[in-house]
Amino acid sequence: MLAKRIIPCLDVKDGRVVKGMNFTGLRDISDPVELARYYNDSGADELVFYDITASAEGRKLFADILRRTASEVFIPLTVGGGINTVDDFDRVLKCGADKVSVNSGAIANPSLIGEAAKKYGDQCVVLSIDAKRVGGRFRVFAKGGREDTGLDALEWAERGVGDGAGEIVLNSIDTDGVKQGFDLEMLDALAARVSVPIIASGGAGNMEHFAELFQHPGIDAGLAASIFHSRQVDIKELKRYLREKGVEMRL
Amino acid sequence: MTAIIDYGVGNLFSLACSFKAIGAETEITRDPARIEAAERVILPGVGAFGDAMEKLRATGLIPVLKREAGRKPFLGICLGMQLLFDQSEEYGLHDGLGLIPGRVCDLRADLSDKSLKVPHMGWNSLEFVRDDPLFKYVGNGEYAYYVHSFYAKDCAENTLAVSRYGNVAVTGAVSRGNVYGTQFHPEKSGDAGLRLLRAFVEL
Numbered sequence: 001m002l003a004k005r006i007i008p009c010l011d012v013k014d015g016r017v018v019k020g021m022n023f024t025g026l027r028d029i030s031d032p033v034e035l036a037r038y039y040n041d042s043g044a045d046e047l048v049f050y051d052i053t054a055s056a057e058g059r060k061l062f063a064d065i066l067r068r069t070a071s072e073v074f075i076p077l078t079v080g081g082g083i084n085t086v087d088d089f090d091r092v093l094k095c096g097a098d099k100v101s102v103n104s105g106a107i108a109n110p111s112l113i114g115e116a117a118k119k120y121g122d123q124c125v126v127l128s129i130d131a132k133r134v135g136g137r138f139r140v141f142a143k144g145g146r147e148d149t150g151l152d153a154l155e156w157a158e159r160g161v162g163d164g165a166g167e168i169v170l171n172s173i174d175t176d177g178v179k180q181g182f183d184l185e186m187l188d189a190l191a192a193r194v195s196v197p198i199i200a201s202g203g204a205g206n207m208e209h210f211a212e213l214f215q216h217p218g219i220d221a222g223l224a225a226s227i228f229h230s231r232q233v234d235i236k237e238l239k240r241y242l243r244e245k246g247v248e249m250r251l
Numbered sequence: 001m002t003a004i005i006d007y008g009v010g011n012l013f014s015l016a017c018s019f020k021a022i023g024a025e026t027e028i029t030r031d032p033a034r035i036e037a038a039e040r041v042i043l044p045g046v047g048a049f050g051d052a053m054e055k056l057r058a059t060g061l062i063p064v065l066k067r068e069a070g071r072k073p074f075l076g077i078c079l080g081m082q083l084l085f086d087q088s089e090e091y092g093l094h095d096g097l098g099l100i101p102g103r104v105c106d107l108r109a110d111l112s113d114k115s116l117k118v119p120h121m122g123w124n125s126l127e128f129v130r131d132d133p134l135f136k137y138v139g140n141g142e143y144a145y146y147v148h149s150f151y152a153k154d155c156a157e158n159t160l161a162v163s164r165y166g167n168v169a170v171t172g173a174v175s176r177g178n179v180y181g182t183q184f185h186p187e188k189s190g191d192a193g194l195r196l197l198r199a200f201v202e203l
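Those sequence lines, one after another, are chains A and B.
Oh and the first sequence: position 97 is 97 in this note's numbering, straight run, nothing missing.
Oh and the second sequence: position 1 is 1 in this note's numbering, straight run, nothing missing.
If you are wondering where the hints come from, they were derived from the structure by calculation, not from laboratory data.
The model shown is predicted, which means the values in this text are computed figures rather than measured ones.
Among the hints, erroneous ones may be present.
Quick list of in silico lysine to any residue cross-link-like pairs, SDA-like style, CA-CA up to 25 Å [as the list claims (entries may be wrong)]:
#1 A:Lys60 <-> B:Leu12
#2 A:Lys119 <-> B:Gly166
#3 A:Lys245 <-> B:Gly166
#4 A:Lys236 <-> B:Leu194
#5 A:Lys94 <-> B:Asp31
#6 B:Lys114 <-> A:Glu212
#7 B:Lys114 <-> A:Arg193
#8 B:Lys114 <-> B:Asn167
Distance windows between CB atoms, simulated [unchecked claim]:
#9 B:Pro32 <-> A:Gln215: 52 to 60 Å
#10 B:Asp51 <-> A:Asp87: 34 to 42 Å
#11 A:Thr149 <-> B:Pro101: 46 to 54 Å
#12 A:Arg137 <-> B:Asp113: 26 to 34 Å
#13 B:Gly23 <-> A:His216: 42 to 50 Å
Glycine included, each C-beta is placed from N, C-alpha and C at the ideal position.
Build the full structure now, drawing on both the sequences and the hints.
Written out as C-alpha cells, the structure is:
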C-alpha cells in the first residue's frame with residue numbers, strides 16, 4: 001500500500017534555517033544540514049527546502065547546503081524559492097534536488113511549468129500555490145502571499161497540471177499560522193479538480209490535524225514547518241499515532 | 001569499482017552519493033573499457049523509455065552492456081530497470097535490452113480504481129515473492145520510494161518483490177542471473193535503500 005507522507009519544510013536564509021527554535025539535542029539548531037539529518041532519522045518521508053535568500057552569496061551558500069544534504073540524506077528532496085527559469089531548475093537539480101517547486105515564477109511566466117516538465121519530466125515539477133478566500137472563491141496570491149493575482153486557484157492548479165506539474169502543494173493562507181487544522185474545504189475542492197498528488201500545507205497545530213487530513217483520500221501528504229521545528233509535534237511519534245489510527249505510514 | 005552508466009539521462013549526483021555513503025567506490029562513465037573493468041554496473045534512468053533507448057543507442061554501449069550483464073552484477077534502477085525488458089509501450093512500441101523477458105505497460109490502463117493517481121509516487125511497502133541475496137539486509141514489508149507511470153509485467157518468473165497499488169501488483173524488483181532491476185529508487189529510499197545497495201555491492 002502506498003503510504004501517506006509527512007514532510008517538514010525548512011526555510012533557509014543566508015545558509016541558516018529561519019524559524020528553527022526550541023531544539024534540544026542538536027549542536028546547531030539552525031544548520032539546515034543537521035536539521036535535515038535529524039528529520040531523516042525521525043522518519044520524515046521527504047524534505048522541502050525553501051530558499052528565501054535574496055543575495056548572490058546566499059544563493060551560493062544554499063547550493064552548498066543542498067549538496068551537503070543530498071550527500072548524506074537519502075530521501076526525496078524538493079527545492080523551492082526563487083525558481084523563475086529553466087536554468088534555475090538546472091541549478092538546484094545539479095546540487096541534488098529531486099523535485100523543484102515553482103510558485104511566483106510560474107505566475108509571472110506560466111510557460112515555465114511546461115518547459116521544465118518537458119526537460120526534466122512531470123515528476124520533477126511541483127506547483128506550489130498560496131491561496132486565500134476572496135469573495136467566496138479561492139484566489140492565488142503571489143510574492144509570499146502578499147499580492148492578489150486575481151487568478152482562481154482551482155483553475156490555476158488545473159492549468160498547471162495540464163502543462164505538466166506532477167504534484168501540487170496547496171498552502172492555505174487562511175489557515176496558515178492559525179494552527180487550527182488544515183484547510184480541508186479548500187483541499188477537497190482541489191482534489192476534485194486534479195489527479196496528481198496533493199500536499200497539504202498551512203494550519204497543522206497538532207497530531208489530530210494530520211489524522212483529520214488523511215481521512216480525506218484525495219490528500220497524499222501533509223507539510224508543516226514550525227510545529228516540527230519547535231517539536232510541538234515529533235515526526236516519529238506522529239507517524240506511529242497515525243498508523244494506530246489506520247493511516248498507511250512508513251515507520 | 002561500480003560503474004554508473006552515463007548516457008545523458010537523469011541526475012546521477014544522489015546515486016553516486018548513496019554508494020559513497022555505504023563506502024563503495026563508483027565511477028560515472030560511458031567508457032567501454034571502464035565498464036569492462038568495473039566489478040558491477042548500474043544502469044540509471046529517468047524520463048521516457050523511447051528517448052532513453054535512443055540515447056543509450058547513441059553511446060554505442062548497448063553491446064557492451066549486454067555482454068557485461070552476463071559477467072557481473074548489473075542493476076537497472078527505475079527507467080533503467082524498465083530498459084532491461086523486451087519491450088515498452090510508452091509513447092509507441094519500443095524495444096528494450098531484452099535481458100529479462102517481459103514488457104513495460106501503462107499503469108493507469110490496468111488500475112480498476114480510476115481515482116488512483118498516476119504517477120505512482122511515494123513510499124510503498126515491498127512484498128517479497130522470492131528470497132534473494134539482494135534482500136539480505138532488507139525486511140519484507142519495508143518501504144521503498146517509487147515515481148513512475150509505466151510498470152513491468154508478464155515477468156512473474158523473474159520477479160523478486162511487488163508493491164500493491166489498487167488492484168495492481170507493481171513489479172518492484174526483478175532478477176535473472178546477474179541482472180537485477182528495481183522500479184523504486186534505492187538511492188532515495190532512506191536507510192532501507194542504502195541497505196539494499198550494500199547487499200548489491202556484496203553480490
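> Can you give the numbers of the hints that this structure goes against, from lowest to highest?
Replying inline: 2 and 10
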